[in-house]
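Q: Here is what each chain is made of, one letter per residue.
2 protein chains.
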Amino acid sequence: MCDTCGCHINEHTDTKTVEVHESLLAANREQARKNRAHIEAMGAVAVNMISSPGSGKTTLLEHTLDRLAGKMKIGVIEGDIETERDADRIRKKGVPVVQLTTGGACHLDAPLVHKGLHALEHQSKDGKFDLIFIENVGNLVCPATFDLGEHERIILVSVPEGSDKPAKYPTTFHGADTFVITKIDLLKYFDFSLDEARTEALQLNSGLRILQVGAPAGLGMDDWITYLQELPAR
Amino acid sequence: MCDTCGCHINEHTDTKTVEVHESLLAANREQARKNRAHIEAMGAVAVNMISSPGSGKTTLLEHTLDRLAGKMKIGVIEGDIETERDADRIRKKGVPVVQLTTGGACHLDAPLVHKGLHALEHQSKDGKFDLIFIENVGNLVCPATFDLGEHERIILVSVPEGSDKPAKYPTTFHGADTFVITKIDLLKYFDFSLDEARTEALQLNSGLRILQVGAPAGLGMDDWITYLQELPAR
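Residue numbers (our numbering), protein chains in the order written: chain H, 1 to 234; chain D, 235 to 468.
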């Protein structure tokens, strides 16, 4: 009870919200399970890329598509709140791409990705892929809660964002398979400690694989490409 | 209906979620209205700072506190999912500061800020302030939906994030009063178009005030400080 304005915090609403949220998540998990089977029937493994806005997901994808051209059959599902801009960038690389716009929602969910999988299949003669990238909405928090049916979850943090981000966004790191530090060509301009970022990420999730890339400059790209090429065999 | 895996998208869950979300937002709006009265009773105006993780909110605050020392009585409410790190940085400037950790939630809400206001009051002899900064959780999406009782809402986008961010996160820009482009000392290293960012932000919200800062280098800081000093008179 607040002495100044006499108000209460509405506990009832909170409880009700938690219940519905659980029901939503259960439905999402069920759809994610089906998506995973769906993706495997397409012959593919899927990667869910999660990061803040502007950490360089689309730029990394552009350079990745150049390097894997003719080596792996790739499809891309782009998630954004609004605009087709990311899909337009990927389309120029000549690979099948689907833009999902959430119309306000802060994350992709499994039902939406399910629609994306169908749209992607229609862009391939035999409906088959080796690797499907799902680029999530730029958000380092909410996407972590929603399994999309991916086989591999990658968290990206760029050097300009700061090396304190693993400790400040622990849930996202708990659920990830791989942590990619991007824009490492900019290390000299920023107070970013690779040691802090790596150590604190591993404290949250000791099984995390950690990679470092500077895509436009080609830094770390050989390791990144090898990692992607080995995913289907896992 | 999906031919491959035979699943449906769960429309029922979505409808129920929308209803509860509306109820939650209504309760939040009511608490925000009370917070605003509470803040005014403290003699203050409050600013809600919203941005992606790592756009430089805390760094801008540190430099702002240096410049306004002895000129305005300032309190700071820091929002994070985990850690006291931002509050620790602000505390070194000798101003009252409260760290709110959401324990997973992707945004501050009005009930949580209400607790923060009380905690802030206890750090001031007369409970009075001129200006209260509320630094939201790093997230360019979800905080936009939650009125905290602030008088001024500021959206920050840093140069490394890219000038396409206003168009890609329209809801956040619709509800803002001021758009601050941060880290402008880095313009020479990034493909960031000030013209694109400004034009597309104004297309979304023609009443938006736009400022540009590079806090550590002192760029644009005079305009930023003048803007803050004039807030209480509005």
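Please note that the accuracy of each hint is not assured.
Now the stretches of chain H that chain D is said to cover, found in silico as 3 or more residues with beta-carbon under 8 Å [to be verified]:
id	stretch
1	162-174
2	177-183
3	204-217
Every beta carbon over 10 Å from chain D, so not counted as near; a handful from chain H, in silico [unchecked claim]:
id	residue
4	D66
5	M72
6	A119
7	S124
8	V141
9	L186
10	D222
Pairs of lysine-lysine residues, derived as BS3-like cross-links and limited to a Cα-Cα distance of at most 30 Å, are as follows [said to hold, decoys possible]:
id	chain 1	residue 1	chain 2	residue 2
11	H	K115	H	K92
12	D	K327	D	K359
13	H	K92	D	K422
14	D	K349	D	K326
15	D	K326	D	K359
16	H	K188	D	K359
17	H	K128	H	K71
18	D	K349	H	K188
19	H	K125	H	K93
20	D	K268	H	K93
21	H	K128	H	K73
22	H	K92	H	K128
23	H	K188	D	K327
24	H	K93	H	K115
25	D	K422	D	K362
No lab work stands behind these hints: they were computed from the structure.
We put the CB at the ideal spot given by N, CA and C, even for glycine.
Q: Run every hint past the structure and note whether it holds.
A: Okay, the hints, checked on the actual structure:
With a threshold of 8 Å between beta carbons, the proposed coverage of the stretch 162-174 of chain H by chain D holds, since 8 of its residues qualify and at least three are required. Under a criterion of three residues with beta carbons nearer than 8 Å to beta carbons of chain D, the stated coverage of the stretch 177-183 of chain H fails, only 1 such residues being counted. Here the stretch 204-217 of chain H counts 0 residues with a CB under 8 Å from a CB of chain D, which misses the bar of 3, and the coverage is violated. Interface exclusion of H:D66 from chain D stands, the closest Cβ pair being 18 Å apart, more than 10 Å.
At the 10 Å boundary, the C-beta of H:M72 stays outside the reach of chain D, the nearest C-beta of that chain being 21 Å off. At roughly 12 Å, the least C-beta separation between H:A119 and chain D is larger than 10 Å, which holds for a residue marked as non-interface. The claim that H:S124 lies off the interface holds: its Cβ sits roughly 13 Å from the closest Cβ of chain D, which is beyond the 10 Å cut-off. The claim that H:V141 lies off the interface is violated: its Cβ sits roughly 4 Å from the closest Cβ of chain D, which falls inside the 10 Å cut-off.
Listed as a non-interface residue, H:L186 fails to keep its Cβ farther than 10 Å from every Cβ of chain D; the least gap is roughly 7 Å. Listed as outside the interface, H:D222 is consistent with that label: its C-beta sits roughly 24 Å from the nearest C-beta of chain D, beyond the 10 Å cut-off. For the given pair, H:K115 sits about 22 Å from H:K92 by alpha-carbon distance, which is consistent with the 30 Å threshold. In summary, the hint linking D:K327 to D:K359 is supported, as the alpha carbons are separated by about 18 Å, within the 30 Å threshold.
A threshold of 30 Å between alpha carbons decides the hint, and for H:K92 with D:K422 the separation of about 26 Å falls inside it, so the pair holds. Taking the CA atoms of D:K349 and D:K326, the gap is about 22 Å. The hint holds against a cut of 30 Å. For the suggested pair D:K326 and D:K359, the alpha carbons sit about 19 Å apart, so the restraint of at most 30 Å is met. Of the supplied pair hints, the one linking H:K188 and D:K359 is violated, its CA atoms being roughly 44 Å apart against a limit of 30 Å.
Simply put, H:K128 and H:K71 have alpha-carbon atoms about 14 Å apart, close enough for the 30 Å limit, and the pair holds. Annotation: proposed proximity of D:K349 to H:K188 is violated, straight-line Cα distance about 41 Å (limit 30 Å). Distance hint between H:K125 and H:K93 is fulfilled; the C-alpha atoms sit about 18 Å from each other, no more than 30 Å. Taking the CA atoms of D:K268 and H:K93, the gap is about 53 Å. The hint is violated against a cut of 30 Å.
This hinted pair checks out: H:K128 and H:K73 have alpha carbons roughly 8 Å apart, not beyond 30 Å. At most 30 Å may separate the alpha-carbon atoms for a hinted pair to count; H:K92 and H:K128 meet this at roughly 20 Å. Distance check on the hinted pair: H:K188 and D:K327 sit about 27 Å apart at the alpha-carbon level, within 30 Å; holds. For a cut-off of 30 Å, the pair hint linking H:K93 to H:K115 stands: about 22 Å separates their Cα positions.
As the CA atoms of D:K422 and D:K362 are separated by approximately 43 Å, the hinted pair breaks the 30 Å bound.
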